[in-house]
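Enquirer: Whenever a hint applies, use it, and build me the whole structure from the sequences.
Line order of the protein sequences matches chains A and B. First residue of the first sequence? That's 1 in my numbering, and the numbers climb one at a time after it. First residue of the second sequence? That's 1 in my numbering, and the numbers climb one at a time after it.
These are computed hints drawn from the structure, not numbers from a lab. Do not take every clue at face value.
Claimed, not checked - Derived BS3-like pairs: lysine-lysine, alpha-carbon spacing no greater than 30 Å straight-line:
1) 237(B) - 159(A)
2) 341(B) - 48(A)
3) 237(B) - 329(A)
Since this is a predicted model, take the numbers as computed values, not measurements.
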Amino acid sequence: MDGIIESITQFQAQEPAIFALIIGVVGAAIISAVVNVGAMLVIWGERKVLSDFCNRYGPNRVGGRWGILQLGADAIKLFTKEDIIPGDADKGVYVWAPIVASMATMLVAAAIPFGALHIGGKDIPLVVANMDISALYVEAALSLMAIAVFMAGYSSNNKYSILGAFRGMARMIAYEVPMGVCVISVAIMAHSLNLVEIVQSQTIWYAFAQPLGFVIFVIALITDLGRIPFDQSEAEEEIISGYNTEYSGIRWGLLYFQEYNNALLGSILLAILFLGGWQGPIIPIPILDIVSPLIWLLMKVVIILWCMIWVRSSLFRLRIDQVTDLGWKWMLPLSILNLGWAVLIGSYFA
Amino acid sequence: MINASEVLSSIQSAFPGAVLDSRVESDRRLWATIDSEKILDVCKHLSTKLNFDHYSGAAGVDWIARNEMEVVEIMASHGAHQVVAMLKVKTPRENPSVRSLTGLYWNANWYEREIWEMFGINFEGHPEQYPLLLSDELMGAWPWRKDYKGYPDLTTGERAIQITTPEGYMELHVPPTPAEVEAGTVVKERPKYPSFREREEKEIKSDAEMIMHLGPQHAMVPGPFLLDILVEGERVKKAFLDLGYIHKGIEKIMENRSWLQGITYTDRMCYVASLSNNECYCGAVEKILGLEVPLRAQYIRVILEELSRIQSHLIGTGEFLTLVAGVGYAPWQYMIMDREKIISLIESVTGARLTHTFVRFGGVRNDLPEGFAEQCRKVLPFMKSRTEEFIELFAQDPIYSLRMENIGSIAPDTAKRMGCSGRVLRAAGVAYDMRKEDPILVYPDLDFKVVTGTRGDSADRIDVTLREILESIHIIEQCLDKIPSGPIKTEAKIPKKVPAGEAYYRVEDPRGEMGMYVISDGGDKPYRVKVRGPFYATFQTLTPLLEGVYIADAVAIAGSMDGCPSEADR
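Expert: This is the structure:
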C-alpha cells in the first residue's frame, strides 16, 4: 500500500499536468456514475418511504418484493417512448433544457466532496475539483437548475409551462439570496470557502454553532430542490405538471432525474456545511476503518433525505405569493441576522 | 311557523284569481297552478312576505296529451318554515314561453337554462339563455319532449355515419333523409347564441390576460367538467363553467324503464352517495303509492345512509386535501383506508361497494346480516377517534390555515341567495339540513345536531364535514340501540302500475339537499322524474367565488365544494 502511494506521489511530482488530467477524467467518470446511481436509489427510496408514510407498499413487483429493479424498468420505458416535440415549441431551447439541467448537476457534483477515506491516520477527501472557493461555486452551480427550468417552461409554448417557469424563477430569486448568505456565514466561521476545509474546521457542528442559519439553509434548500411545500413550479393540481408539462420520454426523464440528483447533492451539501460532513468516530475494524468517514456521511445524507420525504407527506403546498413573502420578508432579514451572529462568534473564537 | 294552507290562502287573498288549481298535500307540501301572467308577482309575494327565500329548483314537464307544457317552480324557506311550494305554470306546446325568475332568484339561472335546452321552453327575461348541458348539435332537438325520436333519429332506421372533418377530427354526421331533402327542410332553424368559446374570449381585454383550462382533463377535477379561468399572471379575473361532459340523460332514461328498474339509475347519478339517491327515488314513489315503511326497514335505511354519508365525506375531504397538498399527502391515504372499513360494513349488508340498489318501495332488499351490530360497534369508535384526530391535526397545522382560512368565504345571506346546499351552506353558518327541515324515516326520533361553521371558507367546509361524520356516528349508535325486530318489507302488494299522482321528496344527501319530483300517469313507467341534485345547486356558485383569487386558491375553492359532476350532469 505504501509503495503504491509513494509511486503515485512520485508521478505527481514529475508530471503534474498529466496527473491532474488523469485525476480529472477518472474522477468525472466516477462521479457521474456515483451521482446517477445514487439518484436512482434516491428515487426508489422516496417511492418506498413515501409509500410507507401513506400506508401503501410502493414498488413491489419488479426485482423481488422490494421492487429494486423498478427504476430500471422505468428507464427502459422512458428511453423507448416516442420523443414528442410540440409543433410550436422553441426547438433549440426545448431540446437543450434537459441537457443544461444535467450539466448543472454535474458541475455541482464536480466540486462536492463525496466523503473521505481514512488512510494512514488521516482523511483523504474524495473530491474531483478541490477548489478554494468550492462553497460559492456549488451555490452558483446549484442555481443553474433554475435556468434549465425556465428554459423548459419558456420553450414549451404552453400556458401551464410558462406559469411554472415564472413561479420557479420567482422562487429561485427569493431563496437563492438567503441561501447564499447562509453559506457565507458558514465560510466566515470556518475561515475558508473550501468545502473540505469547512468540514475539517467543524470541531462543533455549524448546525449547533448557528442554528438559525441551519434552519434557513434547510428551508432554502428544500425550495431550491422544488419539493413540497415549495413545489409550486410543478404543482400538478394547479398547472398539470408545470414547466415539464410538454416533455415526454427520455427528455422528461432527464428533467425528473435531475431533481433527484439535486436532492442527493443538496443533502450532501447540507451535511457538509452544517452537520460535520464525514466526521465521526473511526470504526476500529480493518477495512471498515478506511471507509468509516464515508459511512458517516452516507448515514447523515440518508437521514436528511428521509426527513425531506417526511416533510412531503405531511405538509401542504404554499401559494406562490406566500412563498415569495416568506423569502423576502423573513428569510432574508433572518439570514442577515445570522450573518452578524457568525461574524461575532467567528471573530471571538478566531 | 306557517303551514301550507296558510300560504295558499295568503296567495289567494293577495292575488284573487291567480291560483287556478291547488292541492294541500300536507302541512309541508303545497301544489298550486298559477296563472302564467301572475307568477312573477306571486313569487315576489312569497319571497318578501312569506320568507320563501330558497329557490330550490324548477322542473319542466311535457304534457303531450293535453298539448301543453308545464314549468314547476319549487320554492322553500331556509328555516323560517317548512313549507315547500310547488308552483306550476302552464304554457302551450307551440312556442312555449314563461316568465323567468332570474330577477328574483339568482340561482334560477341554471335551472331555467336546463329546461330551455331540454324542452324548448323559452324564458322571457333570462339574461343568458345559452346551452349548459347539451352539445351544440343537439340544440333545437329538445330531447326531453315526449315526441323526441332519438339522436340520430332511430325511427327512420338511419344511423349516423362517421366523417372526418377538414381539421382531421372524427365526427358523427346524420345525413338528411331523402324525404327531408325533397321537402327542403334539411336546414333546421337553430337558436342563435354565442358559443362558449366566443363568450369567454370576449372577456379578454389585454395581451397580459389568457384563458387557462382547469378541466375537463385535469388533476383538479373530480370528474369531467370544464372550468376555464381568465388569468392575468397568477390572478383569476373571471371563471367560466361548462357542464354536460357526462350528461347521461338519466331523467329521460327513467321515463323509459319500469318503476323498479329506475332504482338502478339513481345509483349511477353519484356513486359515492348512491344510498341516499335510492332513498330519494323510493321515498317519492312510496309517497305516490301511499306505502308505510316498516319500522325496522326505516332504521336499516337510516343506518346505511349515515354510513354512506361517512364514507362520502371521507373521500370528499381526502380528495380535496390532495388538491392542496399533493398526492403524497399521507392523511388522505389514511382517510381512504378508514373509508374502506365503512365500505366493508355497507358491503356486508348490500353486497355491493358503490352501486347498492338496496332500497325498495316499502322497505329494503334484505335484512342486516348476523353480527352486523357488533361489527359496527367495533368500527365506529375507531372512526370517531380517527376523525377527532383529523380535526385536531388540521387545527394545529399553520400551513393548512394559511392555505384554507378566508379562502372562498361566503356570507350567510349570499349563500342563501345563491342557493348553495350541503357543507357550503352550513359552513357559512346557515343551519339547513333536510333531516331536520323535512324529516323522513325515523330521523325525528334521533338526537343529532346540525353542524355549522362561522366563516364559510374552505377550512370551515372541511371542519363541518369532519364534525358531520361525528354526528353520523352518533346517529348510527342510537339506531343500533333502538332498532326493533320485525318485517323489512311492507305487507302491501306493490302494483306494477303506479296510480296517477305526483310527489316531491327531499333527503339530505352527503352533498346537501337532494329532491326528486316524480310524476305518474298511471302507467308502468314514471311519466317524469326530475332530480334536484345538491351539487348542481352548489356548482352554480363556483364562478362568482373565483373572481379575484389566485390560481392556487381557485383549486382550493373548487375542491372544497366536494364536487360530483356526475350528479350535476345526471
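Enquirer: Can you list which hints this structure breaks, lowest number first?
Expert: none
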